[in-house]
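What follows is each chain in one-letter form.
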Amino acid sequence: MSDWPKETKYLGHATPRVDGPAKVTGAAKYTSDVQPAGWLYGMILRSKWPAANITAINLEKAEAVPGIKAAILVREGQRQVRYYGEELAAVAGTSKQACLDALRAIEVTAAPLPFIVDEVESAKPDSPRVFENGPNLGEARVKEQGNVDAAFASAAYVVEGAFSTQVQLHNALETHGTTVSFTPDEVTVWASTQGIFSVRDGLAGNLGVPQNMVRVVCDFMGGGFGAKFGPGVEGMLAAKLSQAAGAPVKLMLTRFDEALAVGNRPSSHQKIKLAADADGKLLAYELDAFGTAGFASGGSSAGGGGGAGFPAPYIYKVPNTRVKQAGVAINAGSARAMRAPGHPQASFGMESIMDELAAKIGMDPVELRLRNDPFDIRRKEYEVGCEKFGWKEKYQKPGSSAGIVKTGIGCAGGSWGGGGRGTQAEVQINPDGTVEVRCGTQDLGTGSRTLIAVIAAEILGLDPSRITARVGDTRFPPSGGSGGSSTSASVSPAVFDACSNALLELQKASGVEDVRGANWNYACQKMGINPLVVPGKWREGLSSSGAGGVHFAEVDVDTETGFIKVKRMVCVHDCGLVVNKLTCESQINGGVIMGLGYALYEQRVMDRQTGVVLNPNFETYKLPNVADIPQIDIILLDMPERGVIGIGEPSVIPSAGSIANAVANAIGVRVTSLPMTPDKVLAALGKVPATSTAGNSVEAAFAAVERAPGIEMEYRDEVPA
Amino acid sequence: MKPSSDSLKTSDSPPPGSVSRRNFLKALGSTAVASAATQVKGVAEDLRKFNAEKIHGPGPASITLEINGEVKHFEVEPRVTLLDVLRNQTSLTGTKEVCDRATCGACTVLFDGTPVYSCMKLAIEAQGHQITTVEGLAKPGQMTAVQKAFVDCDGLQCGFCTPGFVLSVTALLRHNPTPTEEEVRKAVSGNLCRCGSYPRVIAAALEASGVKQTPRAEILTDVRLA
Numbered sequence: 001m002s003d004w005p006k007e008t009k010y011l012g013h014a015t016p017r018v019d020g021p022a023k024v025t026g027a028a029k030y031t032s033d034v035q036p037a038g039w040l041y042g043m044i045l046r047s048k049w050p051a052a053n054i055t056a057i058n059l060e061k062a063e064a065v066p067g068i069k070a071a072i073l074v075r076e077g078q079r080q081v082r083y084y085g086e087e088l089a090a091v092a093g094t095s096k097q098a099c100l101d102a103l104r105a106i107e108v109t110a111a112p113l114p115f116i117v118d119e120v121e122s123a124k125p126d127s128p129r130v131f132e133n134g135p136n137l138g139e140a141r142v143k144e145q146g147n148v149d150a151a152f153a154s155a156a157y158v159v160e161g162a163f164s165t166q167v168q169l170h171n172a173l174e175t176h177g178t179t180v181s182f183t184p185d186e187v188t189v190w191a192s193t194q195g196i197f198s199v200r201d202g203l204a205g206n207l208g209v210p211q212n213m214v215r216v217v218c219d220f221m222g223g224g225f226g227a228k229f230g231p232g233v234e235g236m237l238a239a240k241l242s243q244a245a246g247a248p249v250k251l252m253l254t255r256f257d258e259a260l261a262v263g264n265r266p267s268s269h270q271k272i273k274l275a276a277d278a279d280g281k282l283l284a285y286e287l288d289a290f291g292t293a294g295f296a297s298g299g300s301s302a303g304g305g306g307g308a309g310f311p312a313p314y315i316y317k318v319p320n321t322r323v324k325q326a327g328v329a330i331n332a333g334s335a336r337a338m339r340a341p342g343h344p345q346a347s348f349g350m351e352s353i354m355d356e357l358a359a360k361i362g363m364d365p366v367e368l369r370l371r372n373d374p375f376d377i378r379r380k381e382y383e384v385g386c387e388k389f390g391w392k393e394k395y396q397k398p399g400s401s402a403g404i405v406k407t408g409i410g411c412a413g414g415s416w417g418g419g420g421r422g423t424q425a426e427v428q429i430n431p432d433g434t435v436e437v438r439c440g441t442q443d444l445g446t447g448s449r450t451l452i453a454v455i456a457a458e459i460l461g462l463d464p465s466r467i468t469a470r471v472g473d474t475r476f477p478p479s480g481g482s483g484g485s486s487t488s489a490s491v492s493p494a495v496f497d498a499c500s501n502a503l504l505e506l507q508k509a510s511g512v513e514d515v516r517g518a519n520w521n522y523a524c525q526k527m528g529i530n531p532l533v534v535p536g537k538w539r540e541g542l543s544s545s546g547a548g549g550v551h552f553a554e555v556d557v558d559t560e561t562g563f564i565k566v567k568r569m570v571c572v573h574d575c576g577l578v579v580n581k582l583t584c585e586s587q588i589n590g591g592v593i594m595g596l597g598y599a600l601y602e603q604r605v606m607d608r609q610t611g612v613v614l615n616p617n618f619e620t621y622k623l624p625n626v627a628d629i630p631q632i633d634i635i636l637l638d639m640p641e642r643g644v645i646g647i648g649e650p651s652v653i654p655s656a657g658s659i660a661n662a663v664a665n666a667i668g669v670r671v672t673s674l675p676m677t678p679d680k681v682l683a684a685l686g687k688v689p690a691t692s693t694a695g696n697s698v699e700a701a702f703a704a705v706e707r708a709p710g711i712e713m714e715y716r717d718e719v720p721a
Numbered sequence: 001m002k003p004s005s006d007s008l009k010t011s012d013s014p015p016p017g018s019v020s021r022r023n024f025l026k027a028l029g030s031t032a033v034a035s036a037a038t039q040v041k042g043v044a045e046d047l048r049k050f051n052a053e054k055i056h057g058p059g060p061a062s063i064t065l066e067i068n069g070e071v072k073h074f075e076v077e078p079r080v081t082l083l084d085v086l087r088n089q090t091s092l093t094g095t096k097e098v099c100d101r102a103t104c105g106a107c108t109v110l111f112d113g114t115p116v117y118s119c120m121k122l123a124i125e126a127q128g129h130q131i132t133t134v135e136g137l138a139k140p141g142q143m144t145a146v147q148k149a150f151v152d153c154d155g156l157q158c159g160f161c162t163p164g165f166v167l168s169v170t171a172l173l174r175h176n177p178t179p180t181e182e183e184v185r186k187a188v189s190g191n192l193c194r195c196g197s198y199p200r201v202i203a204a205a206l207e208a209s210g211v212k213q214t215p216r217a218e219i220l221t222d223v224r225l226a
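Protein sequences, first through last, are from chains X and A.
Each residue of the first sequence is one higher than the one before, starting from 1 at the first, in this note's numbering.
Each residue of the second sequence is one higher than the one before, starting from 1 at the first, in this note's numbering.
What the hints contain is simulated information worked out from the structure, not anything from laboratory work.
One thing to keep in mind: the hints can contain errors.
Under the rule of at most 20 Å between Cα atoms (straight-line distance), these lysine to any residue pairs were calculated in the SDA-like manner [as the list claims (entries may be wrong)]:
| no. | chain 1 | residue 1 | chain 2 | residue 2 |
| --- | --- | --- | --- | --- |
| 1 | X | K622 | A | R101 |
| 2 | X | K61 | X | H13 |
| 3 | X | K567 | A | E183 |
| 4 | A | K186 | X | D628 |
| 5 | X | K61 | X | A14 |
| 6 | A | K186 | X | I629 |
| 7 | X | K622 | X | I711 |
| 8 | A | K54 | A | V43 |
| 9 | A | K148 | X | K508 |
| 10 | X | K96 | A | T144 |
| 11 | A | K212 | X | Q631 |
| 12 | X | K388 | A | D222 |
| 13 | X | K394 | X | T109 |
| 14 | X | K388 | A | R216 |
| 15 | X | K96 | A | Q89 |
| 16 | X | K567 | A | T64 |
| 17 | X | K29 | X | K622 |
| 18 | X | K388 | A | V223 |
| 19 | X | K281 | X | K394 |
| 20 | X | K622 | A | V43 |
| 21 | A | K148 | X | W391 |
| 22 | A | K148 | X | H13 |
| 23 | X | K29 | A | R79 |
So these bits of chain X aren't anywhere near chain A, every CB distance computed over 10 Å [unchecked claim]:
| no. | residue |
| --- | --- |
| 24 | N171 |
| 25 | T183 |
| 26 | V233 |
| 27 | D279 |
| 28 | V533 |
| 29 | T561 |
| 30 | E585 |
| 31 | V688 |
| 32 | M713 |
Source: prediction; values computed, not measured.
Each residue gets a CB set at the ideal place from its N, CA and C atoms; glycine is no exception.
The shape of chain X in the complex, shown without the other chains (with noise of 0.2 Å):
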C-alpha cells in the first residue's frame, strides 16, 4: 500500500492546469520567445551532399554581410559529411534576414561520395558504404530459448507474415533551439528541452566551462517527444557564437533541419512467425527484423533507446522463441528516442500477427489475447474495453462486411515500464501562508507544474492558487531528463516528501500543533520574518513501474478510394495512482492521436536521387488533423495502491496495431505496411499492383540479415516485471 492520502480534495481531481493562463493569453515565454538585451540570430548551414568529403569552408563573404556578427566553423579542417542536412557552419546577426544572406554567402568545397538512402538497398552487401570500414548491415543482436524447430513442427496452428513500419518524425510544433548568453561571469541558457541538468552537463563538459558557471532555463517548451535531450550541436553552436560575437544568440532550428537532423522513430521490417496449440495457446516465435536508425545504426548499436531494435515477443511469453534483429546504417539524419521507443513498430508487428492467428484458428482475436497475456492489470483492461465498446455485439469474421464502405473493429494491447527514482525538490513557506514549491524537472506540456501543485496542495491542505509550482531551471534542486514516462513517478514522491517535512518543520516553528486548514495562515505568521525552506527527495512506496493499455478501434474503409476513415477509439489505461484527471485524459488523447497519425499519414520521404528528405513541412509530412479525430473513449483503472506512475507513452502504443486490426477485419485482407495510405489499400484488395520496394529487394535484405554475425543477447521476456 501507498502513503498517499485516500480521502482527497485535489488529488485524483480534475484540476486545469496552472500554467493555463499563461498559455491561452499569450504571456508564457517560451524558449524561442525570449528576447534578452541585443540578442542576435543564428543560422546553421548544412551540408547540401548526403555524403561528401568537405576540403573547404570559407567564411568571408558571409562576415562581409551587413548586420552578421560572428560566423563560426562546426570542425576545422577536412571533413566527411554522411548525410544531408549535417552541420558545416553557423552564424549570427542581427536579422533573419542578414543570416540567411550570410549562409548563401559561404563558400563550401566538396567532393561528393556514393551514397544510399533507402535500408532496403542499403542491407545489401554490395551498396555504398555510410561508413567505409564496415558494412552498412553489422552485426544483428540474437536471443532464443527453447526448442523452436521442434515446436513449430509439433504445433497445431502456424501462421507467418512479413510487417513493415516507417520512419517517423518527431515534429515537436517549437523546433530544437536555444537562447545563449555568454558572459565571463555565467553563461545563461534557454533551452527547448526534456533535461535541462544534461543540457547543462553536455554543454558545460564541451565549452570547457566549470558545470556551476552555466544555467539551464526551460520555463515553457513546445513539445520534445523524445528528440530533446542534451544541448545538441545546434546548443553547442549558439554558446560558441555568443561566446564569438560577444551577444545573446538565439538559435532555432528551421523545420527543414528540424526533418533532416534532429531524430526520428527508426523503420523496422519484420518477418514473424507465429505457433500456437489447438487451445490457442502460443507455442513458438521467431522473428527476423531490420530497420535503420539513420547513418549511425549500424551493427550493435542499434539497439537502445533511439536504435532500430524493438522487443520481441511483444507483451506474450512464448516458450519457444528466437529472435534476430538487425540495424541497416543509412546516409539520413540519426534516430532518437520517439515517444515508446520500439513499442508501437512492436505492437503493430505483434498484435498483426495474433489476428493472423486467431483468424486461423477460427477465435476471437480478444479470447485469443487472454489466453495468453500474462499481465492481470492489461486482461482487465480488455475485459473493461470491450464492454464499454461492445466488442461481442459488434464483432464479424473478418471480411464479412458487406457494401463498398466496409467496417471493421480491431484491438491491441501495449506495456511500458516508466518508472522514475532521484528528484528533489523543496518546499519555502512564506510569512504571508504563500508556498513555493522549487524542482529542477521541466515540464513538456504533459502538466508537471500542475502535479507539483496539485500534491503539494493536498499535502499542505491548501488552495492550488496559493501555491507557485516553479520549475524548468538548474538552480532548483535536481531532477532528471523527462523521457521514459518517469516525471510523474520520479517528482511526486519528492515533492510529498517536501511537503510532508514542511509541515513538521511548521510545526516545530511555529509551536501550532496542528497547522494545515484554518490554522495555516495563523501558523504562518508565527514562524517569524524568515520563510521556511524544506527539502525533500525521492522515496520508495509512493511510485512505481509497469502500465499496461489496449485500444479498441472501429473504423471504415473505402475499398473503391482505399480511405480509412477512424470512427472510434475505447482506450483503457492505467497509470496508478490517477493524480490529475484532465490532464491525464489529455496525454492519453495525445498519445492515440500521435499513433492514429502513425498508423494512416505520417512518414519521412528520403529522394534517392539527392538524398534530401522530402517532406520537411506540414504540407507533405501529414499530421493528423481536427477533422481526422474520432470519438475517443478513455478508461482509466485508478489504482492508487500501486503509487504515481507515468501515461505519456503507453497510451501511444497500441494505436496502430488496433487499426490496422479493424483495417484487416473490415476488408478482409491485411495492409501489412504502415502507414497504411489508400494505395496499399487498394493493392492489399489487388486493384492496383503495389508500389513499396516489396517483393525480391526486401527478400534480399532478409537473406542478408540471416547472414548477418549475431551477437548473443541475454534472454528476458519482454512483459512488466
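Position chain A relative to chain X; hints supplied.
Below, chain A alone, put in the same frame as chain X:
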C-alpha cells in the same frame, strides 16, 4: 486568409491585397470560377496600383502598424513578414512561428477581425488594418470567455499551438455564438496541434459557447484483478 471564419464570403468581394494562395485555391475548388475571376481581376488592379506607388526596398522602409489598438512604427525590409515583426520587433511573442508557410496556424492573428496566418502577410501590406494578437484579446491578468474555457477544459498541452486555436475559436464565436461541433471542427481546421489536444479544443469551444463540458475519461476505482 484561413478557411476558419467566413473566408468564402470574403472571397466573393475581396478587399485589395487580400488574395492568399489558400483562399485562391479554395475559391477555385469549391465555389465558382466567377469568384476566382473576380480575385484575379482584384490582383491585377492591386498590382497596377502597387506599381504606380513608390517602390519600397530592398533596404528598410518605415511602416506603421496598428497592433492591439496601439499604433507602432517600425523600420523593416519589405520582405519581412508580419509574423517576423510581431515576434522579433515587439514583445508580443504569443504569436508563434512553427511552419512559416501557412500550414499550421500557430501564427494566426485577427486581421480586421478575420483570422489570418501572419507568416503569409508581409508587414508592409498589413498597414492600415487592425491587427489583434492573442495578447490583445483581454486586459493583462484577465481572460476572455474563450481563453477561460481553454484553461478549464484543458484545450491545450504544451501550449505552442494554443494562441492560434484561441484566435480561430474567438473569430468563430464572434460571428456564430452557438456553433455545432462540426462548425467548431471546420473553424479550427487550419490549426495543427502535435500534442493531440483536438478533443479538448472542441470541448473548450463548445463550453465558451455556453454548453457545459466535463472531462470524458471514466475513472474505474476499486479495480479487482482476476
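These are the hints, each one checked on the structure:
A C-alpha spacing of about 14 Å is found between K622/X and R101/A, which places the hinted pair at or below 20 Å, so the restraint holds. Between K61/X and H13/X the alpha-carbon distance is near 61 Å, which puts this suggested pair outside the 20 Å criterion. As the CA atoms of K567/X and E183/A are separated by approximately 18 Å, the hinted pair is consistent with the 20 Å bound. Between K186/A and D628/X the alpha-carbon distance is near 12 Å, which keeps this suggested pair within the 20 Å criterion.
This hinted pair does not check out: K61/X and A14/X have alpha carbons roughly 58 Å apart, beyond 20 Å. Pair hint K186/A plus I629/X holds up; C-alpha atoms about 12 Å apart against a cutoff of 20 Å. This hinted pair does not check out: K622/X and I711/X have alpha carbons roughly 38 Å apart, beyond 20 Å. At roughly 18 Å between alpha-carbon atoms, K54/A and V43/A fall within 20 Å of each other, so this suggested pair holds.
With a CA separation close to 41 Å, the supplied pair K148/A and K508/X exceeds the 20 Å bound. Of the supplied pair hints, the one linking K96/X and T144/A is violated, its CA atoms being roughly 34 Å apart against a limit of 20 Å. About 18 Å separates the Cα atoms of K212/A and Q631/X, which keeps this hinted pair within 20 Å; it holds. Distance hint between K388/X and D222/A is fulfilled; the C-alpha atoms sit about 18 Å from each other, no more than 20 Å.
A threshold of 20 Å between alpha carbons decides the hint, and for K394/X with T109/X the separation of about 64 Å lies outside it, so the pair is violated. A C-alpha spacing of about 13 Å is found between K388/X and R216/A, which places the hinted pair at or below 20 Å, so the restraint holds. Taking the CA atoms of K96/X and Q89/A, the gap is near 12 Å; set against the 20 Å cutoff, the hint holds. For the given pair, K567/X sits about 49 Å from T64/A by alpha-carbon distance, which is inconsistent with the 20 Å threshold.
Annotation: proposed proximity of K29/X to K622/X is violated, straight-line Cα distance about 28 Å (limit 20 Å). Taking the CA atoms of K388/X and V223/A, the gap is about 16 Å. The hint holds against a cut of 20 Å. Our distance criterion of 20 Å between C-alpha atoms is broken by K281/X and K394/X, whose separation comes to about 25 Å. At roughly 31 Å between alpha-carbon atoms, K622/X and V43/A are farther apart than 20 Å, so this suggested pair is violated.
The hinted pair formed by K148/A and W391/X fails the criterion: a straight-line CA distance of about 38 Å is larger than 20 Å. Of the supplied pair hints, the one linking K148/A and H13/X holds, its CA atoms being roughly 19 Å apart against a limit of 20 Å. Under the criterion of a C-alpha separation no larger than 20 Å, the hint pairing K29/X with R79/A is inconsistent with the structure, at around 26 Å. At the 10 Å boundary, the C-beta of N171/X falls inside the reach of chain A, the nearest C-beta of that chain being 6 Å off.
No beta-carbon of chain A comes within 10 Å of the beta-carbon of T183/X; the shortest separation is about 22 Å. Look at V233/X: its CB is around 21 Å from the nearest CB on chain A, clear of 10 Å, so calling it non-interface holds up. In this structure D279/X is separated from chain A by more than 10 Å, as the shortest Cβ-Cβ distance comes to about 18 Å. Distance check for V533/X against chain A: the nearest CB is about 28 Å away, which clears 10 Å, and the non-interface claim stands.
With a least CB separation of 18 Å from chain A, T561/X remains clear of the 10 Å interface cut-off, as annotated. Taking the minimum C-beta to C-beta distance to chain A, about 4 Å, the non-interface status of E585/X is violated against the 10 Å cut. Non-interface call for V688/X relative to chain A: holds, since the shortest CB-CB distance, roughly 25 Å, exceeds 10 Å. No beta-carbon of chain A is positioned within 10 Å of the beta-carbon of M713/X; the least distance is around 31 Å.
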